[in-house]
Amino acid sequence: MSTASSDRAIITDSLGVGLATGAYGVSFGALATAAGMSIWQACAMSLLMFTGASQFAYVGVIASGGSPLAGAVTSVLLGGRNLFYGLSLARLLDVRGWRRPLAAQLVIDESTAMAVTRPTAHQARLAFYWTGGAVFVLWNLFTFLGALAGTAIGDPRDFGLDAAVGAAFLALLWPRLDSAITRGVAILAAAIALGLVPLSPAGVPIIVGGGLALLAGLLLQKRAGAHDD
Amino acid sequence: MTELWIGLLLTAAGCYVLKLAGLSLPARVLDHPWTVRAAALIPVALLGALVAVQVVGDGSALTIDARMLALVVAGVLLWWRMPFLVVVGAAAASAAFLRLLT
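These protein sequence lines are chains A and B, in that order.
Under our numbering, the first residue of the first sequence carries the number 1, and numbering increases by one thereafter.
Under our numbering, the first residue of the second sequence carries the number 1001, and numbering increases by one thereafter.
Only chain B is shown next, with the shape it has when bound in the complex (with noise of 0.2 Å):
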């Protein structure tokens, strides 16, 4: 419990001085062409990685399960433009369900 909070006041002080930073640093050193694509694509690699670890993880093994439905139901939603809560809460119904079922 303790180690959680200290990582979460650790994220929350990174966090809000990258923030900080951003409003206070001169253009210029963060202006390089290199450092402009790798904020652009920090986010997808790092979300790709999220998407796969947390569907298909279990532990230290793979598992296909029903996240993985719930997976491809957000995917389709998403693709037919529907609001994050809408995809999160069908996601979340879709995996319940078919435990339900199984």
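Here chain A stands alone, though its shape is the one from the complex (with noise of 0.2 Å):
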């Protein structure tokens, strides 16, 4: 009986982040189109990429005039997490065959975080498939309303829709600003990539500045760890 309620308290727990993060799918279809791409382009972003961070970056790159290459690595950088994502959840998950193909598109942020704290493989996976299955589903269908809202507005500078992405990837980039390195990797990033948009094209200046400053963290982080020994 236990066994049964706490499984329908995962599934209720990953609806509700399903809908929670789903539903922030209308403000990337809405910043998509606002950047100059087609609802079917962001909607083919949704589905395709399925990972928020990845396709905010990319529409972000656009929409500051830069090459959609200059997007496309940064995206895919951004991206690099979920491969450490699989990597945790793959003992877990134990998936085989044509099932790892399709479970592997739902790797993401969300169904990550509500499987990896399960203490058994069956709750771990009850909570990957729902959690990531519910974002997959609305995260589509709220990409596509919001696409076709932001279509209809007009200009989008007059609904603030340019800021919004500004204020989106600092919601992405809170929970992470954890530690004195976090803060000081995300700050110094900023800082280079400010000094370099005047000096080169749009794009260069995140890649860079991102680069540099996770060199500098990777280094601060050593010696503190030498500290520690």
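The set of hints was computed from the structure by calculation and includes no laboratory data.
Beta carbons are placed, not taken as given, at the ideal position from N, Cα and C, and that holds for glycine.
Some clues are possibly wrong.
Simulated restraints on C-beta separations [claimed, not checked]:
(1) B:V1086 with A:R183: 41 to 49 Å
(2) A:G97 with B:D1058: 48 to 56 Å
(3) B:A1061 with A:P101: 40 to 48 Å
(4) B:T1002 with A:L148: 19 to 27 Å
Starting from two chains that each stand alone, build the complex the way the hints lay out.
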């Protein structure tokens, strides 16, 4: 009995996360069309990329005048964390054969967070598939609605949509600013990127600023680690 | 338009390969401490740069405008632990309102 009820609780929680996360597909859809993408491009991104931060990054680089290539590099680098999510999920999910390529598309922040904390593999799988599935369906649905709304409203600047992109990035960044090193890396990346804006083509400041700050962060962490030993 | 599609499909392919590789690669390949640390810091570094360029960048110039107000509003709401949609919605509304006034 207790197993059945805790299973139900996991499914309820997963659907809740799916709804909360999926709903902000509205903002993605609206921002994508505001950046000059078509409704179909916005929908294709949610369907095929299906990883929020990368999608926002691609749109953000395009919106600030960067090339699709610069957008792609930034976006794929951001998607790199899914590699490590997959790694921590692999043993829990133990998914093989034709199911693995399907399960892979559901590897995102939310499905991983909901799955990796479960005490049993059964519960981890339940949380992963219900969360990932719910987010997938709702994220795509809300992207379409947001893109429709975005193309219907006229000049997106009148609605502050260009300003909403920065807010969305800050909201994605916020939970990661949990140590002095991460805060330092974020500020350094911002400072280098801004310094490069007048000097380099759009998109480049993000990649170079992010890259140099990452390097500095790694070296700092290594020194901090050495002190601990 | 075509370039946007090509970039989009490249990105989608890249993101998908990363997801599939995570489920498929043997753990020891990715267990190196440097790789683990880099994985945690990459989103922080890129998002930090993205926030800055998105808010202050204006072509090849730097401009302070309604987007900065929106960012401050977003920061305050995040501090108060408001959900994503509230943060983004309020940020957009504050920028729209400021532009209406000026």
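Going down the list of hints, with the structure as the test:
1. B:V1086 with A:R183: 41 to 49 Å: Violated - the Cβ-Cβ distance for B:V1086 and A:R183, about 23 Å, lies outside 41 to 49 Å.
2. A:G97 with B:D1058: 48 to 56 Å: 51 Å, holds
3. B:A1061 with A:P101: 40 to 48 Å: Hint holds: Cβ distance 45 Å, inside 40 to 48 Å.
4. B:T1002 with A:L148: 19 to 27 Å: 23 Å, holds
Hint violations for this structure: number 1 only, all remaining hints satisfied.
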